[in-house]
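For reference, the chains in residue letters:
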Amino acid sequence: MVGIFNKIAFRGGIHLPDEKDKTKGLSIQTIPIPERVVIPLSQHTGAPCEPLVKVGDLVKKGQKIGEGKGNITSTVHSSISGKVIEISPHPHPTGNNILSIIVESDGKDEWVDNLKENEDYLSIEPEKLKEIIRNAGIVGLGGAQFPTHVKLSPPKEKGIEYVILNGAECEPFITSDHRLMIERSSEIIEGLKIIMNILSVKKGFIGIEKNKLDAISVLKSTIKQSHTDGSRKFEIEVVGLDVKYPQGSEKHLIKSILKREVPSGKLPMDVGVVVNNIGTAYAVYNAVRYGKPLIERVVTVTGNGIKEPQNLLVRIGTSLDFLIQNCGGFTDEPEKVIMGGPMMGVAQYTLKVPVIKGTSGVVVFSKNSAEIDGKYQSCIRCGRCIANCPMGISPNLYGLYFERNMVDEAYASNLMDCLECGICAYACPSNRPVVQFIRQLKSEVLKKKKSGKR
Amino acid sequence: MEKDKEIKMLLVTPSPHIRAEESVKDIMYSVIFALIPTSIAGIYFFGIPALVTIVIATLSSMLFEFTYQKMTGGDETVSDGSALLTGVLLGLNLPSGFPWWGTIVGSFFAIVLVKLLFGGLGFNIFNPALAARVFLLISWPLQMTTFPRPAPLLAGESFRLSVDTVTEATPLTAVKTIMLSNDLSKSIESVTQIKWFDLLIGNRGGSIGEVSAIALLIGGVYMLYRGTISWHIPLSFIVTTGVFTTIFYLLNPGMSANPLFHLLNGGLFLGAFFMATDYVTSPIEKRGMIIFGAGCGFLTALIRQYGSYPEGVSFAILLMNISVPLIDKYLKKRKFGG
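Chains H and G are the protein sequences, given in the same order.
Residues 1 to 454 (this note's numbering) make up the first sequence, in order.
Residues 1 to 338 (this note's numbering) make up the second sequence, in order.
Careful, some of the hints might be misleading.
Below, computed lysine to any residue pairings styled on SDA-like, alpha-carbon distance capped at 25 Å [what the hints assert, rightly or not]:
1. H/K20 <-> H/Q325
2. G/K333 <-> H/S378
3. H/K367 <-> H/E403
4. G/K335 <-> H/G265
5. G/K332 <-> H/Q325
6. H/K375 <-> G/K332
7. G/K329 <-> H/P433
8. H/K307 <-> H/I33
9. H/K130 <-> H/D106
10. H/K307 <-> H/E261
11. H/K20 <-> G/A20
12. G/K332 <-> H/F234
Chain G regions said to be covered by chain H (calculated; three or more residues, Cβ under 8 Å) [stated by the list, open to error]:
13. 12-18
14. 41-51
15. 148-160
16. 332-338
Worth flagging that the hints you see were computed from the coordinates, not collected in a lab.
Computed from a predicted model, the values in this text were never measured in an experiment.
Beta carbons are placed, not taken as given, at the ideal position from N, Cα and C, and that holds for glycine.
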């Protein structure tokens with residue numbers, strides 16, 4: 001099969017309605033500084049941060065206000081200048097209450113002193129660069145929020161050959177990376193160079209789905225220019241990818257671009273690759289070049305529940321309420337508010353939750369337009385979940401195992417390979433909440449592991 | 001009230017938050033829609049009795065499902081179209097002159113015994129309509145093999161309003177009779193010399209819905225185009241039947257019908273496109289489907305050539321239905337990175 005049409009894709013996957021038209025042509029807008037921001041101390045994978053400030057402290061924009069212990073952790077910064085008014089658990093996009101620092105704005109929006117600029121950023125030592133990235137609180141901005149400095153520290157023996165920037169943006173509705181690629185292309189390329197320097201890699205790729213041809217051509221011409229400006233040679237290739245969900249999954253991106261398959265249970269570095277999101281590269285550049293920590297990101301606010309869908313540059317900690325006000329408000333009574341895309345995003349119960357580092361978009365469905373997960377029927381064995389599963393596993397089984405509490409059998413049927421991309425539940429004509437079955441089974445497996453039964 | 005608006009409830013459900021539009025009901029109705037051409041062909045050739053048989057089968061199937069669920073307190077599933085589909089398929093699998101009470105017994109067998117007692121849609125082992133066809137064939141062999149003569153209107157015949165007492169052996173039965181009689185004075189060639197055009201449009205004896213190869217093909221292509229079924233089962237079924245009838249034809253000169261005759265006769269097209277492709281009772285993955293279809297084809301050819309029944313499609317599919325769990329277990333797709 002491979003090679004006949006030289007398709008830039010993987011097996012399985014599905015074509016989803018695109019829904020990006022509302023915002024893909026809109027340039028990134030800034031919004032007023034919010035009156036207060038909520039900075040959760042956990043916006044990353046790993047140990048949560050501990051607060052470095054107390055209630056009543058005055059903080060500046062970009063000031064580090066939380067830091068975690070150990071290596072797999074990150075830092076958080078105040079995204080506005082003002083006063084710490086509260087440190088307490090606060091609703092978080094994951095649905096839990098997470099210890100957060102609430103800062104009230106003084107309206108001045110003053111940067112912290114001594115931002116360390118580096119004009120000659122390509123000659124900084126890798127270790128120093130990683131320190132800068134850690135201190136800037138940079139994590140994977142694609143949604144996983146894995147600390148970037150950890151990702152950029154693979155063991156030597158892994159022999160990293162390639163860096164891939166992920167600009168696939170395969171979730172419907174979301175256009176934040178798309179706009180960033182068009183409007184901040186040279187910063188992204190420079191960020192990629194910094195990442196390649198850290199890993200001493202000679203070849204980098206930028207993978208972009210072919211529904212973003214404008215971004216592909218902008219990045220291509222930016223690369224051409226940057227090669228002629230006399231800077232060190234970096235070989236960077238932009239790859240147009242088939243439009244197919246989940247093209248933006250790390251493993252599938254690598255498969256599409258390099259034809260390498262990350263073995264089950266392993267990581268991209270096991271096949272010599274490190275993948276970073278477009279937005280992460282942009283944040284790396286800002287941190288290394290200008291000393292600016294990660295305090296803002298681009299968020300697409302869209303859906304039929306939003307009056308004026310937009311791509312906004314938003315301070316971390318801005319509440320959804322404020323975001324939506326700045327998009328003209330709701331069209332009608334909102335029914336569902338999703339943080340992230342409709343396939344993997346999390347439905348929110350309150351608009352008080354803040355934008356965090358991994359928030360790529362907010363999708364609002366207005367009254368009577370959200371899919372209500374109500375009744376579901378038995379599996380009729382149509383096979384759509386299997387035919388479209390990008391991991392080549394059999395999602396139909398998990399519902400049956402879950403209903404019969406057969407955790408071991410589920411584990412033996414490649415349960416842990418599941419990405420939770422949502423295709424199985426999307427395609428299921430019986431409306432079965434397959435992803436939910438899988439999550440529940442996974443948590444049962446982890447419980448068993450913890451209690452030592454596995 | 002204004003205050004209520006402030007704290008209105010947002011809907012929280014697990015991801016994904018969008019769904020493909022196709023429901024179980026849509027799938028069932030797409031199959032029923034695909035059965036319209038062959039139903040029309042059946043009514044065209046066999047008249048009102050064919051229509052009556054289909055209607056009785058359909059109504060009684062839905063009634064049995066409804067009644068059973070009322071009695072057992074189960075969820076209402078009549079509206080999902082599955083009972084309707086089973087009824088239509090059962091009707092199409094019967095001879096046009098089949099007694100009405102037999103049709104109702106068949107519906108009961110299909111819906112209650114084969115489907116609902118096993119747990120309802122999704123849990124039945126056998127294709128309900130097909131199991132009922134075989135049950136009726138074994139229980140009332142005479143009525144199930146009495147096929148009224150087709151009456152094509154275009155050939156000047158009048159539309160049949162009641163059951164024609166003139167019956168006609170199906171071509172496969174005629175062949176089998178000669179084979180079993182072992183009478184070499186009669187030549188199978190003489191039986192198989194039917195006009196190919198008649199076989200294609202369905203001008204032959206047989207069950208209501210199985211006679212017209214063209215009409216079945218139209219429905220099959222519609223389902224393939226729409227993605228209701230994939231090509232794997234019908235193609236491997238029909239090709240394998242062709243391959244083995246060819247082999248048997250060459251092995252038994254003079255004592256077997258030619259392969260093309262086999263392909264266009266009996267219930268092969270109805271079986272390959274509509275019965276063997278039933279999701280619940282066929283393999284769930286593509287490679288398994290090919291094995292399943294090939295098994296159906298091989299058994300069909302084997303029974304037609306060496307069995308005592310003239311037709312083997314129904315038995316072949318039912319036998320392969322039983323092997324589905326085994327096929328599914330051993331023919332899994334390769335997982336990503338595994």
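Verification of the hints:
Straight-line distance between C-alpha atoms of H/K20 and H/Q325 comes to about 21 Å, which keeps the hinted pair within the 25 Å bound. Distance restraint check for G/K333 and H/S378: the Cα-Cα separation of roughly 23 Å lies within the 25 Å cut-off, and the hinted pair is therefore satisfied. A C-alpha spacing of about 32 Å is found between H/K367 and H/E403, which places the hinted pair above 25 Å, so the restraint is violated. The suggested pairing of G/K335 with H/G265 holds, with an alpha-carbon distance near 12 Å, which does not exceed 25 Å.
Under the criterion of a C-alpha separation no larger than 25 Å, the hint pairing G/K332 with H/Q325 is inconsistent with the structure, at around 51 Å. Only pairs whose Cα atoms come within 25 Å are accepted, and H/K375 paired with G/K332 is rejected, the gap being roughly 29 Å. Taking the CA atoms of G/K329 and H/P433, the gap is about 23 Å. The hint holds against a cut of 25 Å. The hinted pair formed by H/K307 and H/I33 meets the criterion: a straight-line CA distance of about 21 Å does not exceed 25 Å.
Between H/K130 and H/D106, the direct Cα distance comes to roughly 32 Å. Violation of the 25 Å bound is thereby established for this hinted pair. A hinted pair counts as satisfied when its Cα atoms are at most 25 Å apart, and H/K307 with H/E261 does not qualify at roughly 43 Å. Between H/K20 and G/A20, the direct Cα distance comes to roughly 17 Å. Compliance with the 25 Å bound is thereby established for this hinted pair. For a cut-off of 25 Å, the pair hint linking G/K332 to H/F234 is broken: about 43 Å separates their Cα positions.
Residues of the stretch 12-18 of chain G with a Cβ under 8 Å from some Cβ of chain H number 7, which satisfies the need for three, so the listed coverage holds. Only residues whose C-beta sits within less than 8 Å of a C-beta in chain H count toward coverage, and the stretch 41-51 of chain G has 0 of them, not enough to reach three; the restraint is violated. Beta-carbon proximity to chain H at under 8 Å applies to 0 residues in the stretch 148-160 of chain G; the threshold of 3 is not reached and the given coverage is violated. Here the stretch 332-338 of chain G counts 7 residues with a CB under 8 Å from a CB of chain H, which clears the bar of 3, and the coverage holds.
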